[in-house]
Structures are given as C-alpha cells and as structure tokens.
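Residue numbers (this note's numbering), protein chains in the order written: chain A, 1 to 75; chain B, 1 to 144.
The reader is advised that the hints may include incorrect statements.
Said to hold, decoys possible - Here are the computed lysine to any residue pairs in the SDA-like style, where the Cα-Cα straight-line distance is at most 25 Å:
| # | chain 1 | residue 1 | chain 2 | residue 2 |
| --- | --- | --- | --- | --- |
| 1 | B | K15 | B | A113 |
| 2 | A | K34 | A | Q53 |
| 3 | A | K60 | B | P91 |
| 4 | A | K60 | B | A113 |
| 5 | A | K60 | A | D30 |
| 6 | A | K56 | A | G40 |
| 7 | A | K60 | B | V66 |
| 8 | A | K56 | B | Y58 |
| 9 | A | K27 | B | M61 |
| 10 | B | K47 | B | R71 |
Claimed, not checked - Short derived list, chain B residues pointing at chain A, Cβ under 10 Å:
| # | residue |
| --- | --- |
| 11 | L19 |
| 12 | T33 |
| 13 | Y37 |
| 14 | Y44 |
| 15 | I46 |
| 16 | G48 |
| 17 | A52 |
| 18 | Y54 |
| 19 | R81 |
| 20 | L83 |
Hint data in this document are derived by calculation from the structure and do not stem from the laboratory. Cβ coordinates follow ideal geometry from the N, Cα and C atoms, glycine included.
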Amino acid sequence: MYNSSNNKKERAAIATKNCDDPVINYKNLDYLEKFLTPQGQILSRRRTGFCTQCQKQLKKAIKNARHLALLPFVN
Amino acid sequence: MVLVSNQVVREDWRKAKSLVAEMLTKHEGSIKTLRRYEERRLAYPIKGNLRATYYLTYFEMPGANVPALRRDMELSESVLRNLVLAVDAVPEEEIAQAALEEDADYTVPEPPADDEPDVEEVSETEDEDIEDEEEVLVGDGDDL
C-alpha cells in the first residue's frame, strides 16, 4: 500500500542530479556509496530522489561495481 | 576492466599488462588504451585473494568476438574478474594517463601482502591515536 506520509525525513532525497551529468559510473565509488545502506543495499528511488532512468543507471553501476569486488554485496 | 591476481603482478606488472593485451589481440581487438588502474583491497575475497590489481582498457573489437574473449578470461587463472562494456568514445583523460604509463621510467610499487591494511585505514588509526594522546595531555594539565 502506498504510504502517503508527510514526514519530511521520509521524503528527503539524498542528491539532486542533472540527468546529463555522467557521474553515475561503476568507477565513481565515493558517489555510489552514498546510495547504499550500511548493509550494502541500494536505496529506493524515494530516498535517492532520482528519476526512473537515473535510478536504473545507478542500479546498473552498483551491480557492475559489485561484480568487480569494488563494492560489497553484503556488509 | 580486468581484475588481475597480485601473484602475477608481483612478478612483473608489465607482464600482467601484456597478458591482458594478448587476450585482446588474440580476439582481433585493437587496443586504444591499456593501463594499470588501481591496486586495492577487494570488497570480498575472490579465489582466496583479498587484494588484486585492476587494469582498465579501451579497445575496439567485432561484437561477435566478445563472448569468446569473456570465456577466455573466465578460464584464465590470472584473471579474477572481467567487465566488458560498450562506450561511445575514449575519454581524453584516459588517453593522457595511459600515455604516462608508456614511459620506460614509470614504475609502480609492488603490491602489498594480502593481510596488509589499506593506506587510508592506517592513517585513520594513527589519527585516532593522536587524538587519544591529546586527551591524555589535556587531562594532565587539568590535574596540575
């Protein structure tokens, strides 16, 4: 069920990004780590504040980095 | 990007580089740039290795040859992981950095042992020690 909470903490996005910026890259680890929980899970789009395309790019970049052992699967 | 075992890199880092180059040329790949990207601690152990060296390469290759290249890399014991992605163009920074490595005088430090901590980790622990010492000194001053 959709949670229509007005809690600002829940709605606060971590980063705002121009979709043309090529910052989402599997080598840009400092940037990618901002969108992981302490356990290593990818944050939801509600938390990251990304559009659909950027969230898909983020997912792909994190999964590529995990494959190369640059980021952990689980902490 | 290719992840190469440090055992090969310790023998000769240029030999490890040529190992990657040979794999690419074997499958009709023309190498644009190839350089040692980084030596670092892995996020999780791979085949018993806790540390390894990353080589980053940009190359052109017929698409039909890519599966054979991937298979070759997966069968190789020296190559721990590989990632082949399609890109539009080679970044200019990458060309400049790869050119630096071509210099005969260019050397890289020998990879550390697997159980050795990262440089950042060591500096963080040293900072903590210094902070502790400062606290002790302040405590002594108050007593006096």
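Regarding the pair K34(A) and Q53(A), is the alpha-carbon distance no greater than 25 Å? holds, 18 Å
Does the closest beta carbon of chain A sit nearer than 10 Å to the beta carbon of I46(B)? holds, 6 Å
Could you grab the alpha-carbon distance between K27(A) and M61(B) and see if it respects the 25 Å cut-off? Distance ~22 Å between K27(A) and M61(B) Cα, so the pair holds.
Straight-line Cα separation of K60(A) and V66(B) no greater than 25 Å? holds, 20 Å
May I ask you to test the interface hint for L19(B) with respect to chain A, counting a Cβ-Cβ separation under 10 Å as satisfied? Cβ of L19(B) sits 18 Å from chain A, so the hint is violated.
For the hint on Y37(B), does the least C-beta distance to chain A fall short of 10 Å? For Y37(B), the interface hint holds, since the closest Cβ of chain A sits about 8 Å away, which is under 10 Å.
Was the hint right that T33(B) lines chain A, CB cutoff 10 Å? This interface hint is violated because 14 Å lies over the 10 Å limit.
Interface hint compliance - R81(B) to chain A, C-beta minimum distance less than 10 Å: Interface hint status for R81(B): holds (5 Å vs cutoff 10 Å).
With a cut-off of 10 Å on the beta carbons, see whether L83(B) makes it to chain A. holds, 6 Å
Against chain A, is Y54(B) within 10 Å by beta-carbon distance? At 7 Å from the nearest chain A Cβ, Y54(B) passes the 10 Å test, so the hint holds.
Satisfaction of the G48(B) interface hint, Cβ to chain A closer than 10 Å: violated, 13 Å
Given Y44(B) was flagged as interface, is its beta-carbon under 10 Å from a beta-carbon of chain A? holds, 6 Å
Hints 4, 11, 12, 16, counting from the list given before, are not met by this structure.
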